[in-house]
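Asks: Protein chains in written order, with the working numbering: chain A, 760 to 1105; chain B, 760 to 1105; chain C, 760 to 1105; chain D, 760 to 1105.
Don't read these hints as lab results, they were simulated from the structure.
Model, not experiment: these values are computed from the prediction.
Each hint should be verified, as a subset may be incorrect.
In this list, chains with the same sequence are indistinguishable; a pair is considered to hold if it fits within one copy or across any two.
Below, a list of computed lysine-lysine pairs in the DSS-like style, where the Cα atoms sit at most 30 Å apart [to be verified]:
1. LYS762 - LYS871
2. LYS923 - LYS871
3. LYS800 - LYS1028
4. LYS800 - LYS1099
5. LYS800 - LYS1024
6. LYS1099 - LYS871
There are 4 protein chains.
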Amino acid sequence: MIKAGIIGATGYAGAELVRLLWQHPSAEIAWLGSRSYAGQKYSDVYRNMTGLADGECLPDNIDEMAEQVDVIFTATPQGLCASLINEDILKKTKIIDLSADFRLKDVSVYEKWYGITHAAPQYIPEAVYGLCEINREKIRNTRILANPGCYTTCSILTLYPLVKEKLIDPSTIIIDAKSGTSGAGRGAKTQNLFCEVNENMKAYGVATHRHTPEIEEQLGYAAGEQILLSFTPHLVPMNRGILATAYAKLLPGTDSAAVEKAYRKYYEKEYFIRLLGEGACPETRWVEGSNFTDIGWKLDQRTGRIIAMGAIDNLVKGAAGQAVQNMNIMFGLEENTGLKLVPVFP
Amino acid sequence: MIKAGIIGATGYAGAELVRLLWQHPSAEIAWLGSRSYAGQKYSDVYRNMTGLADGECLPDNIDEMAEQVDVIFTATPQGLCASLINEDILKKTKIIDLSADFRLKDVSVYEKWYGITHAAPQYIPEAVYGLCEINREKIRNTRILANPGCYTTCSILTLYPLVKEKLIDPSTIIIDAKSGTSGAGRGAKTQNLFCEVNENMKAYGVATHRHTPEIEEQLGYAAGEQILLSFTPHLVPMNRGILATAYAKLLPGTDSAAVEKAYRKYYEKEYFIRLLGEGACPETRWVEGSNFTDIGWKLDQRTGRIIAMGAIDNLVKGAAGQAVQNMNIMFGLEENTGLKLVPVFP
Amino acid sequence: MIKAGIIGATGYAGAELVRLLWQHPSAEIAWLGSRSYAGQKYSDVYRNMTGLADGECLPDNIDEMAEQVDVIFTATPQGLCASLINEDILKKTKIIDLSADFRLKDVSVYEKWYGITHAAPQYIPEAVYGLCEINREKIRNTRILANPGCYTTCSILTLYPLVKEKLIDPSTIIIDAKSGTSGAGRGAKTQNLFCEVNENMKAYGVATHRHTPEIEEQLGYAAGEQILLSFTPHLVPMNRGILATAYAKLLPGTDSAAVEKAYRKYYEKEYFIRLLGEGACPETRWVEGSNFTDIGWKLDQRTGRIIAMGAIDNLVKGAAGQAVQNMNIMFGLEENTGLKLVPVFP
Amino acid sequence: MIKAGIIGATGYAGAELVRLLWQHPSAEIAWLGSRSYAGQKYSDVYRNMTGLADGECLPDNIDEMAEQVDVIFTATPQGLCASLINEDILKKTKIIDLSADFRLKDVSVYEKWYGITHAAPQYIPEAVYGLCEINREKIRNTRILANPGCYTTCSILTLYPLVKEKLIDPSTIIIDAKSGTSGAGRGAKTQNLFCEVNENMKAYGVATHRHTPEIEEQLGYAAGEQILLSFTPHLVPMNRGILATAYAKLLPGTDSAAVEKAYRKYYEKEYFIRLLGEGACPETRWVEGSNFTDIGWKLDQRTGRIIAMGAIDNLVKGAAGQAVQNMNIMFGLEENTGLKLVPVFP
């Protein structure tokens, strides 16, 4: 039985970790960390867990946690994980960081886009970017797992085969992404009130969103060259779900068969990726509550572009689900253990 | 392994049965029946099931089903189940009927409220009303299980201990219930379009809703006398969830302790009922996707009334979840097998 | 041209006042007061007003306001209006208070339910309760107008003719009310975040909501006796709208004709009340954005009860619209001036 | 007083026409046409109009209408308007067609994208494309006004100055648009049920949506050359609103000042266009219920692209509002007569 600790268990991603780990047959939650609610019953904060996780929220004592648990999930704001880890902790436990601290290999890019000084850059080289379907082998043996961002996961998985197989021109990539509101977190902000979000659609962080360099870095590895792309996130009046609509120019000679072949090459055997095929449009409702990524695409002969679309649940494959998937890999379990959740509809 | 067949697998309740049975460790779906979509891939109708339930929808051939399966779930309009069953079928398989055909013991009440002639009244006496927490013993050995209505389940469970223990005056019961829109079914009706339901709140079926006699009959058994009550359903712009707000006059001498004691007496050991206690208000979000019933209440000294509140997921405890719970009982399994679903929030 | 000042112009009710007064042919906004946003452009806070109300938010200087305006609307938390007014101000300007400060005639009831000491009880006797359709004559000449609460307006208008004409037993009144989330205000509270409210239904303030004594007092005047009733508010995942579902025992001899006659007697000539008749269920969508109150009802012979239902837009008839309607009366204008807004659907 | 007739008054666009014309000081509705609801009271279909538009729905007798009205609005499926008009009718009345029948100048493009034979191609040359801010002069004297599509209006207005002033490369234009569900119409289709749309985000009509050639044609006129572009519509779980996020490569030398200057040149004096400036993101909530178009943009130096964003209410500026604006121009009224509606928020 894997003993898991969570720092930040009362944010939305943290709460989703609690939901998933509670149902996991080979893991148990040994530490429910929450700075804001320390001392309160967890199920008083998240009443869906009444009778299931009635333990008390604990403060963020990472040294004590390291003694007690096999893996620590940090579902916390940027900068916290980097400020907490050290050699002593890493000798005792593994870290799965849901923040951005160890996602970018170039610390200067991190510091520029996030506007903070990285507190533990010495650990960046060994950290592994935990996009399971692509980095599976490296994930097995790491101590520090950088769990990808939600927009990032959806965007990269949607475009990876096209970039890797050189079917599109990377300089023409535009990703127009739409997210449910849980992605904005549980902080009490006026802009996230029901009446402000409901019956509304808007873009935000245009040309400045922090997931941009993360997408560029990972797709750059696939392309074997540096990539600059446009990424625009939008806020949608729904709880969960990310839809990424990606556009790119097809390279000469790319036809439907080549695209289909590329997607199949990388994803056909993946449990958590469902290829819907050309002409099919993924919808967030069909993955809600699950760890699936649904992908569809359409070649447009008129404009010479492909429109590739991916859909995930931002809290599952975009956060807690992928974190558990990474845990499974890191601890030698079947990758879908505890994650065979059927999407909930309606 | 229990082999299960579903008639009406492409309605919302039927689809929820598919979701639950797919995850069930001791059952498998052997027949996906759908008159409307016969011949189509199930996962083309419900794309959440892509890769999970890709079989073809089959027509409603109950004779053939009876040969192949151990239990048939009928998630169909009123009247269909009664028109299909006969001795031959009941000898081969068990029936769990999610429609109202076998819920009311008095066939004239059924025919009056539903406006149809009952096609198989001879089976009414042996059918068992499948409110698990109350009729558990009778459920074990029945061939015909009448799965309760969604409003009914929520209303009865909320009021049962108060009526049974004679803490309230049954003649003063008023139930004001609110339901998510999945309760209206998947039929293509203008009144259920997104723009008609969204940003709206309304009552419907005032003083005429068909769940009324079902609630009255069951609470009447608890009271040991006939009960007439007011029941008003409302449509809420959300997918899932029923909230029942019930009002009644406290009988002389009823105090907080007596109420708490009554609720504990009947529900303390129930896995699927969570007593939130006096002063707590259940919310549908905390049970969404799960088989739980959350109950809270408040005594109002000023008016001498109690306000008792219950919340369920109408598609789970209000339909498919309770149906599976009944199946578990009927087949001698642990009652929560396959049903330890954690509520999904947000 | 009536010069109007608003204190609290950046709350939801205040913003609705801005919307209505901007469109009013005989009034103009001379003071946009907002403590929180003083110094900012109003249209930077409420961007729907871009190009329409681009003036700066001003601090709450009521003395200065009194010099400049003919009427001050206070759309502020309880206690503020009472703490600001004095004889000097009342000599210069009229006050329309959207808070509860002057709604209850018995100051001890106010202090008990609101938990604060009333700062200006000497003005309570002269203040007029501004439920226009009922108190029209008294409203004409008052200096202090107590604008009714949102739940209150809907509840009282729904039940008034039945109580006044003695068709129901007041001791049996139960009001189950449902409100859109704008009623919870624009404060940055976790419980009002999109993901907390969306896909959820709950009761709150059970047996303790502050609108209860206000409803009891006003219906008590109609009945000619003290009334105690049950009032339960619920939060609905929609922006606007209140639906009140009210239950009461019919007094002997009350039939459909008597009920219809009573409603017609009081409301037939009212521009803002639309009687839908027996059997019709009002819906919030049909009044959204307008100052209408839609009323329907149903007599239930089985239980001897009436179910009376009313729907309003909580920000219009339940707050800003009624405030403007009161202004129109107080300044001798046609009552529906600037208020002939057609409900917006969908 | 302009006498107006509406064919298709019970669709969402038709109902919005009724709302707007009812409030219009210089127009009156003389014919409420609805094939589906002929003989029923209009306010029984749209109960927001109770007491306001209680007249009976009439069949589509265009000959009789032409005798009685000054202008006929056709808010009907493609093909109907073209099949109805003739010289006799056009001599008696003006036509404002909200369908696509007269929007495209090349009849073969129409027939290809819409898949129907045009019944009256002889009238295409004289029909004027009614994008008011751009074609104002031509609109004044036409008999046949082709009211633009909703996506089209938003997309063209957002990009027009950039194309016209040659600041972007038209071959790189990608428009990712998001629409509220009222755009899908009031037909009873399963895919538009509340539970199917709610909590979901999807693209549809990828690379094949019929508004594409309309956008290309109009922007082509502005560019002075043929344009092919990518247009992807998405369905959003909200009632109203369109957000268009448009991407294009900046031409060499285009800087922020040039972009701002271009937008100001064409729109600074337009009542219905609100320029939010660089860095501002328009949101649909700020225009809901109004005829405004809000526009913002962002230059991205990293990628050499501009992201231009526009927001409208699809039923107002995207349909009925623009139709009334066109009527105002055609009848010599102030362009914003009856259209000074303040956006309703929240």
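Asks: Determine for every hint whether it applies to the structure shown.
Replies: Do the hints match the structure? See the list:
no.	hint	result
1	LYS762 - LYS871	neither (36 Å within a copy, 51 Å between copies)
2	LYS923 - LYS871	within (27 Å within a copy, 36 Å between copies)
3	LYS800 - LYS1028	between (42 Å within a copy, 21 Å between copies)
4	LYS800 - LYS1099	both (28 Å within a copy, 21 Å between copies)
5	LYS800 - LYS1024	between (48 Å within a copy, 25 Å between copies)
6	LYS1099 - LYS871	neither (38 Å within a copy, 45 Å between copies)
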